[in-house]
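Visitor: Got chain A sorted already, so can you dock chain B onto it with the hints?
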Amino acid sequence: MSAAPVIAVAGLTKTYGSAAAPVVAVDGIDFTVPAGGVTALLGGNGAGKTTTLAMLLGLLKPTAGSITVLGIDMLRDRHRVLPRMNFSSPYVDLPHRLTVAQNLRVFADLYAVPHPKDRIAELARDLDFTALLDRPSGALSAGQKTRVALAKALINKPELLLLDEPTASLDPDTADWVRSLLETYQREHKATIMLASHNMAEVERLCQQVLMMKQGRIVDRGAPGELVARYGRQNLEEVFLDIARGRGKAAEQATA
Amino acid sequence: MNGELLGINPYRILAMLRRHWYVLSGSWTRVVELIYWPAVQMIMWGFLTQFLAGKTSFVAQAFGVFLAGMMLWDSLFRVQLGVAISFLEEMWARNLGNLFVSPLRPSEFALSVLLMGVLRALVGMIPVSLMAWWFFGFSLYEMGFALAAFFASLMMFGWALGIAVCGLIMRHGLGAESAAWGAMFLILPVAAVYYPVAVLPDWLQVIAWSLPPAYVFEGMRALLIDGVLRTDLLLGAFALNALYLALGFAAFMGWFEASRQRGLLLGQGE
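Going down the list, the sequences are from chains A and B. The first sequence runs 0 to 255 under numbering that gives the first Met the number 0. The second sequence runs 0 to 269 under numbering that gives the first Met the number 0.
Excised from the complex, chain B in its bound form:
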C-alpha cells in the first residue's frame, strides 16, 4: 500500500508542501510581501473609486466594480506568481537535481507548486479583501457562490499559465525568470478587468473571448451592476480553463523532457 492514485503519491506532494511551509514560516518578510502589494493596490483603487463615485452615476451605482476587479485580477496574478515562485525557489536553491533523483515524479512536483500558488494567493488576498471591507465598506464575499466560482476559474487559469512558465524557466534557465512576473500582464489589456470586452477593437475582442478571464470579469460586472449571475459565462470560462490547463501541463512536461534531453536539471541555479 503506497497510497498512489493514477501514479500520484499524495505523501510526496505533502512533503513538498512541507518544504514550502518551512520557507514561509521561517520568513515573516515573505508573508508580509504576499499581503503588501495587493494591499497597496486595493487602497489606491479604493480611493480612486471613492473619488469617481462622486463624479459619475455609473460608479456610484456599482461602487465595488473596480475594487472587485482589482482583487480578482490580483488573485489570478498571485496564483500564477505563487506557482512560478514556488518553482523558482528550487532553481535558486539548485535543488532540482536532488528532487528529480528522488521518487518525486514531475507530475507530483507540478501539483505541489500549483497548490502552493493557491495558498500564497489566499495568504495575500484574504487579509486584503477584509481590509477592503473595513476601509471602504465593500465586501467581496457578498457575491457568495459566484465569488467561489470566479476565484476557481481564475485559479485554474493562473495554474495553467504558472505551470507553463515553470517549464519555460526550467528549459531556458534563470534568464527567463522575468516571465514569472511579466507573463500575466501580457493578457491584462484583453482580460476585461476594468472595462467590458465590447470597448476593444473587433480583432482584440476575438482574442479576449479566447481567454477565460474575460468571461469571469464580464460575469462579475453582470452580477455587480445588473444583479445577474451569468452561468453561460462561467461555463465558458471553465471549458476554456480545462483546455488551457491541459496545454499548460503539456508544455511543462514537454519542457521537462527537453531539459532531461539537454542535461539542464543537474546544473541549474544562480
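Pulled out of the complex, with its shape left as it was, chain A reads as follows:
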C-alpha cells in the first residue's frame, strides 16, 4: 500500500474576469504529489503554473475544486498546514532594509522555530552566506538573494516545499549549486518538493514526476524519462517544445 499523497488536487479551477467574458487560468486540473519526491509543473508563460502554486499555498482562492495538503483541506483549514510547508518565488522579496539575519529571525519567529539563532547559523553555513548575515538584504546580488530566499523557505524544515522558478536569473554555477542543495535537503529530510520551472535540464535532474501544463490544463504527465520516450525525443526540452507548439497531440490523446 502506497503512502497518502502529500498533495491531492481535484477539479481545480481558477477563472478571472466577469461571467460574460471569463478568463480561465486553470481549468479543472487533477493531480497528486506523492510523499518524498520532487514534482515539476512545466509549461510556457501563462500556462497556469504560478496560479496553481498560489492556490496550493492559499494565496489565491480557487473558483472550484479541492486541495488537500498533508491530509488537510487547504481551502478550509490552511492555517493548520502552513507551519509544515514553505515557499520561495522570484515574485516575492524580503524587506531590503533589514539585514539577512534580521529577516531570517522574523520568519523563524513566525514559524515558531526553536533555537532560531542556531537554525539561522546552520542555514547560513549550509547555504554559504555566513559572511552576509549582517548585510542589508537589499544589498545582495541576485545569486545571494536566491540563497537567502531559500534559507527563508527552509527555516522551518518544511515537509512540503513549493518553489517557483528556483534558479531563475542565476548563473549556471550558482543554479547547479542550488539544485544540489535541494537534492540534499529532500534526501536528508524526506521532504516533498514541488517546483515550477522553465529549465528542462533542472527538471530532468531533480524530478521524479512532471506535470505538463498548457492553457490551464494538464496535458501530459509522467517521469521525465517516460515522457521523453513517449514523444520519441532526446530530452525534455524537445518534449516541452512539442507540447508548446501543438505537436504532441497524439501523445496527449494516448494518455487521455
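Note that these hints are calculated values from the structure, not bench results. Check before you lean on any hint, since a few could be wrong.
Calculated from the model, a selection of chain B residues having no Cβ within reach of chain A, i.e. all distances over 12 Å [to be verified]:
no.: 1; residue: Tyr10
no.: 2; residue: Val22
no.: 3; residue: Glu32
no.: 4; residue: Ala52
no.: 5; residue: Trp91
no.: 6; residue: Leu146
Chain B is faced by these chain A residues, among others (derived, beta-carbon under 8 Å) [to be verified]:
no.: 7; residue: Asp92
no.: 8; residue: Pro94
no.: 9; residue: Leu109
no.: 10; residue: Tyr110
no.: 11; residue: Leu180
no.: 12; residue: Tyr184
no.: 13; residue: His188
Glycine included, C-beta positions come from ideal geometry on N, C-alpha and C.
Guide: Same frame as chain A, now just chain B:
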C-alpha cells in the same frame, strides 16, 4: 501549548513588531521624521496662540486650546498614518506573499500594524508634547485621566481608518497609496479640532456628530475652557469607535479576501 487566544498567537504578533523595530532602529532618519512634522506644527501653533492671546480674551483664558487640539489631532493622524505605513512597508518590500504563506493570520497581521501605529505616534508625540511644555509652558499632561481617555478614543478611530486604508491599498495596489496620507484630512473640517461643532451648518453637524473625533475635541474644549469633564461625550466617542473599529476590520478582511480572490497577494509591490 501554543499560547493562542481566540485564534490569535501573540508570538507571531511579536515577530511582526520585531520586524518593524528592526526598520526603525536601523534608520535614525525615520525616527526623526516621526518627530519632525508634529514638532513643526506645534511650534507654529504655539506662536500663533501666543500672538492671538494678546489680542483676544478667549485665547488668553484658554491658552492651550489650539495647542492641545493640534497635538491630539496629530496623535490621531499619526496613529492612522503609522498603521498605514507599517502595512505599506510590506507592500514596498513585496513581502506580503512571504507573510501570508507563513502561519501568520490576517488578524494577527492587522493587530501588529495597529500596535505599530500607536508606537509610531507615541515616538513622535511624546517628545513634541514635552517641547510644548518647554517652549510655551503648556502641559498636555495637566488634563490627567482625561488625556488618556481622549488619546485612547482618537487611537481607536485612527486604528479604524488606518486598517481600512490598509485593506483598500491591498485591494487596489500602490495606486491607492495616497489614501494613507490623505484619508484622515477628509474629516478634518468636521472633526471640530479648532472650532466647536456648533459653527458648522446643520447638515455638516449631523456628519460631525457621527464621527468620534468631534466628541473628543468638544470634550477637550469643555475641560480646558470650562473645567468640566464631559463623560457623556467620552462615552459617545467610545461607542462610535467600537462601531468604526468593527467596520474597519470588516473592510480589511473583506478586501483581504478580495485580494485572495484576484491573486493580488503574490505580485504586489513597487
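Visitor: Hints first: check each against the structure and report whether it holds.
Guide: The hints, checked one at a time:
| no. | hint | in the structure |
| --- | --- | --- |
| 1 | Tyr10 | violated, 7 Å |
| 2 | Val22 | violated, 6 Å |
| 3 | Glu32 | holds, 14 Å |
| 4 | Ala52 | holds, 45 Å |
| 5 | Trp91 | violated, 8 Å |
| 6 | Leu146 | holds, 34 Å |
| 7 | Asp92 | holds, 4 Å |
| 8 | Pro94 | holds, 4 Å |
| 9 | Leu109 | holds, 4 Å |
| 10 | Tyr110 | holds, 6 Å |
| 11 | Leu180 | violated, 19 Å |
| 12 | Tyr184 | violated, 18 Å |
| 13 | His188 | violated, 19 Å |
Of the hints listed earlier, those the structure fails to meet are numbers 1, 2, 5, 11, 12 and 13, in rising order.
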